[in-house]
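*Asks:* Residues per chain are reported as follows:
Number of protein chains: 2
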Amino acid sequence: MKILSKIAEVRALLEPARAEDKTIGVMGTSGRMHAGHISLIEKAVAENDLAIMFWMGGGEGLYERNWDDDVKLIEPTGVEYAYLPDYADFMPVRPSYTLTTLPQLSTGAPPMEPVEHLDAVTTTTAKLFNVFGPMRYYSGEKDWQQLAMFKRMAIDLSWDIEVIGCPVVREADGVAMSSRNVKLTAEERARAPALYRALVKGKEAIESGETGSAKVVSLVREAMGDAGEVIYVHALDAETLQPMDRLTGEIRIIASLKLGEVPLVDNIGATAK
Amino acid sequence: MKILSKIAEVRALLEPARAEDKTIGVMGTSGRMHAGHISLIEKAVAENDLAIMFWMGGGEGLYERNWDDDVKLIEPTGVEYAYLPDYADFMPVRPSYTLTTLPQLSTGAPPMEPVEHLDAVTTTTAKLFNVFGPMRYYSGEKDWQQLAMFKRMAIDLSWDIEVIGCPVVREADGVAMSSRNVKLTAEERARAPALYRALVKGKEAIESGETGSAKVVSLVREAMGDAGEVIYVHALDAETLQPMDRLTGEIRIIASLKLGEVPLVDNIGATAK
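Protein chains in written order, with our numbering: chain P, 1 to 273; chain Z, 1001 to 1273.
With the rest of the complex left out, here is chain P:
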C-alpha cells in the first residue's frame, strides 16, 4: 500500500487514471476502524480499476495513535493507496471560512446528530470531493443522516461523483459494527441487540401495512423495553429525512439507544405500502 500525504500527490495519481477512463473508488474513515469500514474498502476495491482510501485520524496530533492498529485491518483488503492528509497541506489557510451545509437535512430534520458536527462532516466531505475529483464515493448506511446529505449535496451542486451507500455490517446478534461498541461493558453489550431487534419490528410493521408514523415509533420504543435509555426514534422519508404523519414510499427508521454512557445509533429501511 502506497501512502500519499499531499493533495498534489493524490491528483497526480488520479488525473492520469481518469484520462484513461479508469474508474476510481474512494472511501474514508476517521480511524478506529472495524469490519464495517473494511467492507467499504473491499467494495471500492472490487468495483473499481483504482481504489484509494483516506484516513483522517482523530485530528492533528492523534495520527500515530490508531494508524498502526488500523493498517493491519486495511492491508488484507488489497487497497493500493491510502491518503493520510498532511494537515498543513490540506488546510493551508486557517480558519476555513466556507461551509457546505444542508439546513433542511440538519436543523430541518428531527434532532439526531448535532448540527455543528453535521456541518463539519459535510464541509470536510465537500473538500474531499474536490481533492479526489470525479469518482465513486463509498459511504456506510450506518450514518444514514450523513449518507443522505452526501448524496444530496453531490446532486445539488453537480459534483461528478456517485455516492454509493453500503449496508450496515452487523455482529452475529444483529448489533451494528461501531467504534463505540468497545466502550460498552459486558453487561451493556448484552443489552445492545435490543436496538436492532426493535428496528426490525418497526420495519415488519410498515411492510405489513402500518402507515401511522406515531404508531411505528411507539412500536419500536416499546420493543426496546427497558434495555436502555431511548434517545430518539424517528420514521422519516429516507431521502429528505422529513417526518410524515402517514408513511409512504421509502422510509428509514432511525433510532438511538443509550447504554450506560454510550449512545448507540442504528437504522433500517422499509418500503411503505
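Hints listed in this document are in silico derivations from the structure and should not be mistaken for laboratory results. Be aware that a few hints might be false.
Distance condition first, Cα-Cα at most 25 Å in a straight line; then the derived BS3-like pairs of lysine-lysine [said to hold, decoys possible]:
| hint | chain 1 | residue 1 | chain 2 | residue 2 |
| --- | --- | --- | --- | --- |
| 1 | Z | Lys1203 | Z | Lys1273 |
| 2 | Z | Lys1215 | Z | Lys1151 |
| 3 | P | Lys22 | Z | Lys1183 |
| 4 | P | Lys273 | P | Lys201 |
| 5 | P | Lys183 | P | Lys258 |
| 6 | Z | Lys1215 | P | Lys22 |
| 7 | Z | Lys1006 | P | Lys151 |
| 8 | Z | Lys1183 | Z | Lys1258 |
| 9 | Z | Lys1151 | P | Lys6 |
| 10 | Z | Lys1203 | P | Lys6 |
| 11 | Z | Lys1072 | Z | Lys1151 |
| 12 | P | Lys151 | P | Lys215 |
| 13 | Z | Lys1215 | Z | Lys1201 |
| 14 | P | Lys273 | P | Lys183 |
| 15 | P | Lys22 | P | Lys6 |
These numbers come from a predicted model, not from an experiment.
Since chain P is already given, all that's left is putting chain Z on it; use the hints.
*Replies:* Below, chain Z alone, put in the same frame as chain P:
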C-alpha cells in the same frame, strides 16, 4: 461560437482538453452585458488554450430577452464556447438543499450585499466550479465582496480552480461599468463620477500614511458631498472583509452611493503603510 446547454456537453468538451494539458478559462454573466464583462471574456480568451463563458440570463423564462443583444457584444471577443444552461438539466432535483456559505464574509462583514443574495451567488458558483472542473475562473473586482468569497471558497474547499480578479472597467469619467448605469437619468448620470472620485481620495489618504479607518471613511463620505445618498462606506481588509481600527496591509474601500432609485457600488484598493 458553439452553444452548449447540458452539463454533459460541457464535460465532454473540457475533459479531453484537460487530459491534453490545455488551460481552460471560464467567465460568466447573468446577462445585461457591458464592457466590463467583455473585458473578462477577452482576458479568458487571451490567457488560455480554451475559453468558455456561461450566461445565466435572468432566470428561467427570461432567457431570450437579453441573449440576442448580448451575443453581439460577445462574438467579437472570439470566445469559442458559451454555456447557456438548460435549467432542467442544471437543476434536475428541486429544491436544492445545499448551501455553500461564508458567514465571516457575509454576516460577519459590515452590511453590503444582502446575505441571501450572497448565499445564492456562492452556492451557484460552487455548482459552476463543479460543472466546469479545474480551470481559471475570471471574476470582476467590481463585486469585490463576491470575488473575495470565490477566492476563499476555492482555497477553503480545495477546488482545483484559480480565481482571477479582473480590474473594474470604467467610463472616461471614472464611473464603473455596470448594468445599473442605464437606469440613471441624464442628471443622475452627471452626478455619478463623485463615487469613484471619492474612493480615489480615500486611496490617496491611505497611501499618504493615513491609518485611521474612521478618518478614511469620513474623508470618502465628505468627498461625495451632496452627489447622492451615501448608503455605506467601509475600509476593510481586502481579503477577509473585516473592519479594523488601524489600517494595515491590503485595504479595500467599498462604497455605495444612491442616485435617485439606483444604488451604485464601487471599490478601490490601497496599500496601507
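*Asks:* All hints are to be evaluated individually against the structure, with a verdict given for each.
*Replies:* Quick rundown of the hints versus the structure:
1. Using a Cα cut-off of 25 Å, the hinted pair Lys1203 (chain Z) and Lys1273 (chain Z) holds, with the two alpha carbons roughly 12 Å apart.
2. Restraint check for Lys1215 (chain Z) and Lys1151 (chain Z): not satisfied, since their Cα atoms lie roughly 29 Å apart, outside the 25 Å limit.
3. For the hint linking Lys22 (chain P) to Lys1183 (chain Z), the alpha-carbon distance of about 53 Å lies beyond 25 Å, and the restraint is violated.
4. Distance restraint check for Lys273 (chain P) and Lys201 (chain P): the Cα-Cα separation of roughly 16 Å lies within the 25 Å cut-off, and the hinted pair is therefore satisfied.
5. Annotation: proposed proximity of Lys183 (chain P) to Lys258 (chain P) holds, straight-line Cα distance about 12 Å (limit 25 Å).
6. Only pairs whose Cα atoms come within 25 Å are accepted, and Lys1215 (chain Z) paired with Lys22 (chain P) is rejected, the gap being roughly 60 Å.
7. Between Lys1006 (chain Z) and Lys151 (chain P) the CA atoms are separated by roughly 21 Å; this keeps the pair inside 25 Å, and the hint holds.
8. Among the hinted pairs, Lys1183 (chain Z) with Lys1258 (chain Z) is consistent with the structure: their alpha-carbon atoms are about 12 Å apart, no more than 25 Å.
9. Restraint check for Lys1151 (chain Z) and Lys6 (chain P): the C-alpha separation of about 21 Å stays at or below 25 Å, so the hint holds.
10. Distance hint between Lys1203 (chain Z) and Lys6 (chain P) is unfulfilled; the C-alpha atoms sit about 40 Å from each other, more than 25 Å.
11. For the proposed pair Lys1072 (chain Z) and Lys1151 (chain Z), the alpha carbon gap of about 30 Å is over 25 Å, so the pair is violated.
12. Taking the CA atoms of Lys151 (chain P) and Lys215 (chain P), the gap is about 29 Å. The hint is violated against a cut of 25 Å.
13. The hinted pair formed by Lys1215 (chain Z) and Lys1201 (chain Z) meets the criterion: a straight-line CA distance of about 12 Å does not exceed 25 Å.
14. Of the pairs offered as hints, the one joining Lys273 (chain P) and Lys183 (chain P) is violated, with about 39 Å between alpha carbons and a cut-off of 25 Å exceeded.
15. At most 25 Å may separate the alpha-carbon atoms for a hinted pair to count; Lys22 (chain P) and Lys6 (chain P) meet this at roughly 21 Å.
Taken one by one, the earlier hints fail for this structure at numbers 2, 3, 6, 10, 11, 12 and 14, listed in ascending order.
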